[in-house]
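Based on the provided sequences and hints, a complete structural model is requested.
Under numbering that gives the first Met the number 0, the residues of the first sequence are numbered 0 to 971, in order.
Read the hints as simulated data drawn from the structure, not as lab findings.
Computed from a predicted structure; not experimentally measured.
Ideal placement from N, C-alpha and C gives every residue a C-beta, glycine not left out.
Careful: at least some of the hints might be erroneous.
Below are the PhoX-like pairs computed for lysine-lysine, each with C-alpha atoms no more than 20 Å apart in a straight line [what the hints assert, rightly or not]:
no. : residue 1 : residue 2
1   : 783       : 749
2   : 629       : 31
3   : 651       : 170
4   : 751       : 719
5   : 912       : 965
6   : 651       : 719
7   : 957       : 934
8   : 430       : 466
9   : 1         : 802
10  : 67        : 629
11  : 447       : 430
12  : 751       : 783
13  : 628       : 31
14  : 132       : 618
15  : 243       : 256
16  : 243       : 201
17  : 1         : 799
18  : 447       : 466
Cβ pair distances, simulated, as ranges [unchecked claim]:
no. : residue 1 : residue 2 : range
19  : 0         : 891       : 16 to 24 Å
20  : 497       : 236       : 36 to 44 Å
21  : 490       : 586       : 34 to 42 Å
22  : 263       : 0         : 50 to 58 Å
23  : 238       : 209       : 21 to 29 Å
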Amino acid sequence: MKYHFNEIEKKWQDHWAKNQTFKAENNSSKPKYYVLDMFPYPSGAGLHVGHPLGYIASDIYARYKRHKGFNVLHPQGYDSFGLPAEQYAIQTGQHPAITTAENIKTYRRQLDQIGFSFDWSREVRTSDPNYYKWTQWVFIQLFESWYNNETNKAEAISDLITIFEAEGNKKVDAICDDDTEMFSSEDWNSYSTEKQQEILLKYRLTYLAESEVNWCPALGTVLANDEIVNGVSERGGHPVVRKKMTQWSMRISAYAKRLLQGLNTIDWPKPLKESQRNWIGKSVGAHVEFKILNSESKISVFTTRPDTIFGASFMTLAPEHDLVQRITTPEQKAQVEAYIEATAKRSERDRIADVKTISGVFTGAYAEHPFTNEPIPIWIGDYVLAGYGTGAVMSVPCGDQRDYDFAKHFNIPIPNIFEGVDISKEPFEDKATTIIANSDFINGLNYKEATKKVIEALEKLGQGKRKINYRLRDAVFSRQRYWGEPFPVYYVNGLPQMIDEKHLPITLPEVEKYLPTETGEPPLGNATVWAWDTKSHTVVANDLIDNKTVFPLELNTMPGWAGSSQYFNRYMDPHNDEEIFSREAINYWQQVDLYIGGSEHATGHLLYSRFWQKFMFDKGLVPHDEFAKKLINQGMILGTSAFIHEAILGDKSLNVFISSGFFIGPNFLTSENDNWKKKELILKKKGISSEDLNKMTYRAIHADVSFINASDELDIEAFKNWRDEYNDAEFITDADGTFKVLREVEKMSKSKFNVVNPDQICEEYGADSLRLYEMFLGPLEQAKPWNTAGITGVHGFLKKLWKLYFDDNGLKVLDNEPTNDNLKTLHKTIKKVEEDIENFSFNTTVSTFMIAVNELTAQQCTSRAILEPLIILVSPYAPHIAEELWQQLGYNESIARATFPKFEASYLVERSKNYPISFNGKMRFTIELPIDLSKEEIEATVMAHEKTKAQLDGRTPKKVIIVPGKIVNIVG
RNA sequence: GCUCAAGUGGCGGAAUUGGUAGACGCGCUGGAUUCAAAAUCCAGUUCUUUCGGGAGUGUGGGUUCGAUUCCCACCUUGAGUACCA
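Below you can see the structure in the form of structure tokens.
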């Protein structure tokens, strides 16, 4: 009986689906384990072999955990709101829901054919109203909350109102907008409802604010900072400009400290944590206030170097800073205004591209040094960012590169306040070796001591205090898009009102066009039925808007990260219509135990999700404030592109291709063989003169990798048929008649013709081969190239495995006693497989299987006592063949529920050891010795050995190192 | 510029606490089988060699009886990040 993988795989995939083999129960006496994949965005292109890598790894782990007696939650779903479906809708008029559903169908078929053990009964789609009902619900919870610094958690807005009514906001220590005014209880109680609402908006964790945003005109949307790469949009590479808009924002900055601290409690990859740390950007320093001469105003700055305060020779404000208008002297006004206008025109992109240009203008005003009372000139300069700190800098040119460059450029004095340091060429930025000089009461002190003293002195003056600053900005939460979650929000007199939870979901309205309206409103502005009736609690036609009982609804939609910030919890109880998830479900599943996905989500999804989880924790909804205990980033699978050399004359292709066998790099290797002469003949036949032949050059072009065999040879006929223009192309082959291609590792992409589709692989080699090969390529976390040629190795292994169980006469497994060798092979395999899976070293497990099968084949093992446990070991990796063999061995129940074999150390005990004998650390030969020999006995035997004598060549060894059971090293 | 990761045969990679470098697989070479091919099986495959050996894990140094593994400096590649006061 032969190994018919196609039949077997189809049979078991159907079986698993029909029997719901992998359905996870919320009630179980077993310990739980939650293995999660980052759910895919279902794009129109479908999957290539790089996509399932992480899914295969997590699936192996999930199956392994089931064998180990765990109740495993291993769900899958779709992040199905997003730009590509909407772009397609704009182009074709096709509703994004339709294309999305089609793409999901393709994804599902592709995922199914790889044999994943997903519990599909828990599938979620972010674009499904039954799902986004709860995304809207979380949004409402955020709106109804504020962040209390005293308790260090989110609390209900209703509690804040109670405080305001009783004592105003003077004693409230909250995260709120910078411009929040102080008021007493009398003030509060006298305010109109509108005024009260406006104030509360400054405290809410999601709030509406006029903010400067990254507007991408080409995409018609606002982008988050992490969606911009080098000043252009990550998707499509369109220019991005700064624009003021009223936007929903999330007060994620409230959680900066906890997001940073939480990183120490989770087992996530170091580089990922590092990039979150950078993104949050904590810096410790001081907040200092400088008085302004002839003005009531003050300049607030944040500095990490209060110890250098005596070196401050100027102040710099961001051009957008509020103070600029007020303090600029009449003489400087014209210059300052011209400068502000010029910088406003410069887009973010220009500013990034042009870091070297130093620009700025003097305002004419002076600040006063808090200790020396000397006047300090105030400048504006665009190297100071309005959005960071206070938008103002205490410039200390001797201790900071940018301040130094600015001072040099404008001839501002650079006082030296460092002991024994020359600053004539460059500033001195090293905190660790700083000794302060020329600085009054801090002379001779180091950074730490000086900082402490300066802050104390500033506090005494009431002009400063210690401060921790974070780079993390609040996240804009609005998109001017159609294909996203609608907000459960309507407007009364321009103030946002939440729709009551019990009326959710608010579903996306139909629109004629998916583009922004002519007046520049988001696509939802095209909807004709998009108003909220507060009487009937339904969405009604816009004509009915009277601003008395029927009000306009929000036109923005939520960004991509909204739906992905709560899906991992929703999987625990995905069909619950009453709650986001039941207490029971969350208390059982707790949090994700293992999360696998790409590192590209480091500062997007993974930071926002941590923020939502912390908020949910504060509200008492979840038992952990981190959603995923352990996270692994799978490495990218790269493509192995194939290049062929095309002869060209000038720009003109001669439609003649030359085998890479002739090339070393771009140059010819040889002109001395018959094929070379043949080439000349062909070219002459094409009417190319000998003169032109000398001018001929070559260019490498991509050939589709499906035309290349394992020996890097091109299938010439297939290439000719690829495109009409190649139909009559000529090929100069190597002497042996083969046409070689040049191979290079590049990112897998359509344009490079190196994309490999898993469908093809499953068809030709089977899903089990695909799964094994993806793991066999290398360590999970590393980037590695895909080369289909190598798959014959793992495919051959599966055939060999099959042959252990079957020969031409059928099943050959017997109930005979296993030999000691059989048992030894089995148990060392159990040990290694178990260790490797626990360490997520999936590539080495595959080698271990191969070694085991090679050994058992050589041993001609037919023993059931060996072959049964063996197939359980293999089953997480190659589940289809495992199920089939398991059934053939006589079992009716799925192998998925079989218990993992138990390792017995006693089978591995050796009686002898093949000792490596080293001389000065170099292994020269080995000697087989009994394991229980003493050091002295080993030494005596080794020294008496004739090879030892030959090695020593008459010398007397200085020393003999013996580690029993390991090595012998002879020195001398 | 800064931060992090990684450099091992023709290729992907292995060596888990410092103890036989190159497991396993691809490719390649030779052989068996076949009319032939595919498939399958067997043997070999780091380099070098006077066939005794000798050298060898990016480079240079150090620690050690012994270093791919630990320490220092440098080189290269990849990833992330960037006027953050």
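Hints, one by one, checked against the model:
A hinted pair counts as satisfied when its Cα atoms are at most 20 Å apart, and residue 783 with residue 749 qualifies at roughly 18 Å. Using a Cα cut-off of 20 Å, the hinted pair residue 629 and residue 31 holds, with the two alpha carbons roughly 15 Å apart. Only pairs whose Cα atoms come within 20 Å are accepted, and residue 651 paired with residue 170 is rejected, the gap being roughly 79 Å. Between the alpha carbons of residue 751 and residue 719 the distance comes to roughly 18 Å, so the proposed pair stays at or under 20 Å and holds.
This hinted pair checks out: residue 912 and residue 965 have alpha carbons roughly 8 Å apart, not beyond 20 Å. Pair hint residue 651 plus residue 719 holds up; C-alpha atoms about 19 Å apart against a cutoff of 20 Å. Note on residue 957 and residue 934: the hinted pairing holds, with a Cα-Cα distance of about 17 Å set against a maximum of 20 Å. Straight-line distance between C-alpha atoms of residue 430 and residue 466 comes to about 18 Å, which keeps the hinted pair within the 20 Å bound.
Only pairs whose Cα atoms come within 20 Å are accepted, and residue 1 paired with residue 802 is accepted, the gap being roughly 8 Å. Between the alpha carbons of residue 67 and residue 629 the distance comes to roughly 19 Å, so the proposed pair stays at or under 20 Å and holds. Between the alpha carbons of residue 447 and residue 430 the distance comes to roughly 9 Å, so the proposed pair stays at or under 20 Å and holds. A C-alpha spacing of about 17 Å is found between residue 751 and residue 783, which places the hinted pair at or below 20 Å, so the restraint holds.
For the hint pairing residue 628 with residue 31, the CA-to-CA distance comes to about 14 Å; that is within 20 Å, so the pair holds. Annotation: proposed proximity of residue 132 to residue 618 holds, straight-line Cα distance about 19 Å (limit 20 Å). For the given pair, residue 243 sits about 28 Å from residue 256 by alpha-carbon distance, which is inconsistent with the 20 Å threshold. Of the pairs offered as hints, the one joining residue 243 and residue 201 holds, with about 18 Å between alpha carbons and a cut-off of 20 Å not exceeded.
Our distance criterion of 20 Å between C-alpha atoms is met by residue 1 and residue 799, whose separation comes to about 11 Å. Our distance criterion of 20 Å between C-alpha atoms is met by residue 447 and residue 466, whose separation comes to about 15 Å. Range check, residue 0 to residue 891: Cβ separation about 20 Å, and the 16 to 24 Å hint holds. As the Cβ distance of residue 497 to residue 236 is approximately 38 Å, the hint placing it in 36 to 44 Å holds.
Taken as a hint, the range 34 to 42 Å holds for the pair residue 490 and residue 586, whose Cβ atoms sit roughly 39 Å apart. For residue 263 paired with residue 0, a C-beta distance near 56 Å keeps the hint of 50 to 58 Å intact. Checked against the given bound of 21 to 29 Å, the beta carbons of residue 238 and residue 209, roughly 23 Å apart, stay inside it.
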